[in-house]
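Colleague: Place chain F on chain H using the hints.
In the order they appear, the protein sequences are chains H and F.
Under the numbering used here, the first residue of the first sequence is numbered 58, with each subsequent residue one higher.
Under the numbering used here, the first residue of the second sequence is numbered 1163, with each subsequent residue one higher.
Treat the hints as calculated values from the structure; they're not laboratory data.
Even for Gly, the Cβ is constructed at its ideal location relative to N, Cα and C.
Possibly wrong hints are sitting among the right ones.
Unchecked claim - Computed spacing ranges between beta-carbons, pair by pair:
1. F:Ala1368 <-> H:His151: 42 to 48 Å
2. H:Cys196 <-> F:Ala1303: 46 to 52 Å
3. F:Ser1402 <-> H:Ala72: 47 to 53 Å
Said to hold, decoys possible - According to the in silico footprint, chain H covers these stretches of chain F (three or more CB under 8 Å from chain H):
4. 1166-1180
5. 1196-1209
6. 1256-1265
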Amino acid sequence: MSTVSMTVNGKAVSADVEGRTLLVDYIREHLRLTGTHVGCDTSQCGTCVVHVDGKAVKSCTMLAAAAEGAEVTTIEGVANGDLHPMQKAFNDNHGLQCGFCTPGMIMSGIDMVNRYKAEGRQLDEAAIRHELEGNICRCTGYHNIVKSIAQAASEM
Amino acid sequence: MHSLNYHKASNASEAARLLSGTEDGKFLAGGQTLIPAMKTRLAAPSDLVDVSGAADLRGITVSGREVRIGAATTHAEVAADDALRKVCPSICDMAANIGDPAVRHRGTIGGSIANNDPAADYPAAMLALGATIKTASREIAADEFFVGLFETALEDDELITSIGFTAPAAGAYAKFPNPASRYAMCGVFVARGDDGVRVGVTGASADGAFRAGDLEAALDGAFSVDALDGISVNAEEMLSDIHGDGVYRANLVSVMAKRAVAAVS
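This is chain H alone, in the form it adopts within the complex:
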């Protein structure tokens, strides 16, 4: 066991964990932030996506110890009083049904909009669909998810 410290959603946190502890387990089990989900546990489905130092990563495929000192943002950290534009867009466009994949969809959505804006690239429908390759939805289907991200991109 060793102490792993990082900043999660703006708050300094610390926990004693094993070397093999995954970042997603650190977030869910030690911090009790259960908005980040574990779907496949094989880095396919994207329900565990969080931002580490501003970049989307699959927290089921990163060790907690590797995030020592990092700035981590989870789904619980994106709203600032009001819903984040990405959250609001999923609400407006019926971008979710069961909701299991939604935290990962929203974290990936925010990441892709930020990257495309920073690089001055157009995030069109084809780009959104390509960018969603690592996020799987098994009920709503992708049409409304794509619409949600497109709306948020115009508002962010």
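Modeller: This is chain F only, laid out in the frame that chain H set:
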């Protein structure tokens, strides 16, 4: 996942020192292959030495047409590097289509090459670009580096530090992803350099990435899509599995090579 001791290295020499003190340690880069392998217990190292934050293993330098990419540079960094894109857009485009965005934020070029997954994209690029793989103690030509399925010329404790190559005059990579896994069922990297055309193939062979000599000879004769008509690889040496048999994969090699040539000619 079995229990393990985690160590973080801040540079390459510290990584080597940390690994030498372990019973059965492994280097950890982005972990996008190693961590899933450890979850299924295909790998169970006693220790992990994390090199993802090693400053001297990161970054891309371009000097004229000479390119050096640090081993711990992520796929996303390769995809987005403006200086690299100016001299060798093909490797940027290839990196932009590895895995998915989150995987590209963690996965590294050194990790991909050291793992030598038969369906990984980078090995085909390294062969086609005639890259040199550098470690702390030596330089290994790509042609000598990829030995077989998940096998490389690396010693157990040898760490890749960087990859170097001369940007070709033209190059392109065409991939046929498996519709479900999105791994390459066949990926062909074509590079047209000063010393002729080199063609690297991934995903198709049971022995991992390889160079397609007959395709290179045909393209040396005339660098055109038509030059590849009727030219392919030996179907008996290609992978046959539930996703496609050897004949199918041999045909994919030819078709992907044509698409790559079409993209640059």
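Colleague: Are the hints correct? Go through all of them and say.
Modeller: Here is how each hint holds up against the structure:
1. A hinted range of 42 to 48 Å for the beta carbons of alanine 1368 of chain F and histidine 151 of chain H is consistent with their spacing of about 47 Å.
2. Checking the proposed 46 to 52 Å range against cysteine 196 of chain H and alanine 1303 of chain F shows it holds: the Cβ atoms sit about 50 Å from each other.
3. Separation of serine 1402 of chain F from alanine 72 of chain H is about 49 Å and conforms to the stated range, judged on CB atoms against 47 to 53 Å.
4. Note: the stretch 1166-1180 of chain F has 4 residues with beta-carbon separation from chain H under 8 Å; the three-residue rule is met and the coverage holds.
5. Counting residues of the stretch 1196-1209 of chain F whose beta carbon lies closer than 8 Å to any beta carbon of chain H gives 4, which meets the minimum of three for the stated coverage.
6. With a cut-off of 8 Å between beta carbons, the stretch 1256-1265 of chain F has 5 residues touching chain H; three or more are needed, and the interface restraint holds.
In this structure, every one of the numbered hints holds.
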